[in-house]
Amino acid sequence: MAMPNVTCLDERAKIGHIFTLSFLWFIIIKSMFKSISVLSTITCSSSIPSSTSMLRLQTLERDEDGNCTLVEEFILLGFSESPEQDPPLFAIFLTIYIVTLIGNLGMIILIRISAPLHTPMYFFLCSLSVADICYSSVITPRFLTGYKSISFDACFAQLYFFVALVCTECFLLATMAYDRYVAICNPLLYSTVMSQNICATLVAGSGFLGLTNAMLTVCFLSSLHFCDSNIIRHFFCDTPPLIALASDHYVTEMIISLLAGYTTLASLVIILLTYILILSTILKIRSAQGRRKAFSTCTSHLTAVSVFYGTLIFTYLRPNTSYSLGQDQVASVFYTVVVPMLNPMIYSLRNKEVKEAFKKSAGMKWG
Numbered sequence: 007m008a009m010p011n012v013t014c015l016d017e018r019a020k021i022g023h024i025f026t027l028s029f030l031w032f033i034i035i036k037s038m039f040k041s042i043s044v045l046s047t048i049t050c051s052s053s054i055p056s057s058t059s060m061l062r063l064q065t066l067e068r069d070e071d072g073n074c075t076l077v078e079e080f081i082l083l084g085f086s087e088s089p090e091q092d093p094p095l096f097a098i099f100l101t102i103y104i105v106t107l108i109g110n111l112g113m114i115i116l117i118r119i120s121a122p123l124h125t126p127m128y129f130f131l132c133s134l135s136v137a138d139i140c141y142s143s144v145i146t147p148r149f150l151t152g153y154k155s156i157s158f159d160a161c162f163a164q165l166y167f168f169v170a171l172v173c174t175e176c177f178l179l180a181t182m183a184y185d186r187y188v189a190i191c192n193p194l195l196y197s198t199v200m201s202q203n204i205c206a207t208l209v210a211g212s213g214f215l216g217l218t219n220a221m222l223t224v225c226f227l228s229s230l231h232f233c234d235s236n237i238i239r240h241f242f243c244d245t246p247p248l249i250a251l252a253s254d255h256y257v258t259e260m261i262i263s264l265l266a267g268y269t270t271l272a273s274l275v276i277i278l279l280t281y282i283l284i285l286s287t288i289l290k291i292r293s294a295q296g297r298r299k300a301f302s303t304c305t306s307h308l309t310a311v312s313v314f315y316g317t318l319i320f321t322y323l324r325p326n327t328s329y330s331l332g333q334d335q336v337a338s339v340f341y342t343v344v345v346p347m348l349n350p351m352i353y354s355l356r357n358k359e360v361k362e363a364f365k366k367s368a369g370m371k372w373g
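So the sequence shown is numbered by our numbering: it starts at 7 and just counts up by one.
Check each hint, because a few of them may be wrong.
Cut-off 20 angstroms, straight-line C-alpha distance, at most; resulting in silico cross-link-like pairs (DMTMM-like, lysine to aspartate or glutamate) [claimed, not checked]: (1) Lys154 - Glu78; (2) Lys361 - Glu259; (3) Lys154 - Glu79; (4) Lys154 - Asp334; (5) Lys299 - Glu362; (6) Lys154 - Glu90; (7) Lys299 - Glu359.
Hints listed in this document are in silico derivations from the structure and should not be mistaken for laboratory results. Given the structure is predicted, the values throughout are model-derived calculations rather than measurements.
Please work from the sequences and hints to get the whole structure.
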């Protein structure tokens, strides 16, 4: 009796997984650019000054006659105008930032020096730690300096890198969900489907999508005129407070909302679809121990996704009528400062492989 060609079946399955994932990314990119292609002619082509610097924007302030004069900097008010609150805020943010650096750098080093952690899952986790360090460093050190004024170009440079890194993290979380799907639903093909080249391509693609989203966001936001005030009631340059300062911002606000919506919802849809498939596979496992083991591989990622996307949706996708400065600042602190600190803890506390690797590398036993 002829046996089926296992190699052929593996190759077909591999091609099928690659095609499926490529098709999902293609749909996301195509729909995003199709939605903004018409609107871009309304703003970028007519409003952005022709200049060698894309960040040299028309930031204006009205004089006594109602005319607009050039303003070269913004004022970041932070959390309070009271100087008495600065020392405790400095201590809190500095402590969180140090813990963030230690936790994420420790995770990166541990993954690099531990051979059992040289798998696609931990490669993506290492990339996530790099993103957490970078986008936390875009915000926190500038806040710790205590400088209230920020130049126009520096403000939009901060916004660009922040948006790029946050969007990259969104797509990295979606990629990690796909990795869990392949590991649980197709374990025999895992090493074949999630090869080194494919993993590197997925991480690079996440970064490319993040940079593209940030470029478009800065492009459209830079077309606005800031005539009424240059005071930003926030602790860093973010899109909602900048849009609130601008005049005639309806079209640009709609475009930026589309960009934020596509990034957040598209990656979240991928995560939800993969976990629906994972759940259906887990429920088919007969042994209780097997189900618990499968669930344990997803718990950390689901926790990180819930915390990160919950604050993003609350900040960027809620109606303008429910906008509150205090709530927005709290949510921003949570996903810009607290979440990067929590991620290494979330992925390590319930992960036996990370604990074992740490015990071996540190030469100590945990109780």
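Right, here's what the structure says about each hint:
1. Simply put, lysine 154 and glutamate 78 have alpha-carbon atoms about 14 angstroms apart, close enough for the 20 angstroms limit, and the pair holds.
2. Restraint check for lysine 361 and glutamate 259: not satisfied, since their Cα atoms lie roughly 46 angstroms apart, outside the 20 angstroms limit.
3. The suggested pairing of lysine 154 with glutamate 79 holds, with an alpha-carbon distance near 10 angstroms, which does not exceed 20 angstroms.
4. Annotation: proposed proximity of lysine 154 to aspartate 334 holds, straight-line Cα distance about 19 angstroms (limit 20 angstroms).
5. Taking the CA atoms of lysine 299 and glutamate 362, the gap is near 16 angstroms; set against the 20 angstroms cutoff, the hint holds.
6. Note on lysine 154 and glutamate 90: the hinted pairing holds, with a Cα-Cα distance of about 15 angstroms set against a maximum of 20 angstroms.
7. A C-alpha spacing of about 13 angstroms is found between lysine 299 and glutamate 359, which places the hinted pair at or below 20 angstroms, so the restraint holds.
Hint 2 from the list above is the single one not met by this structure.
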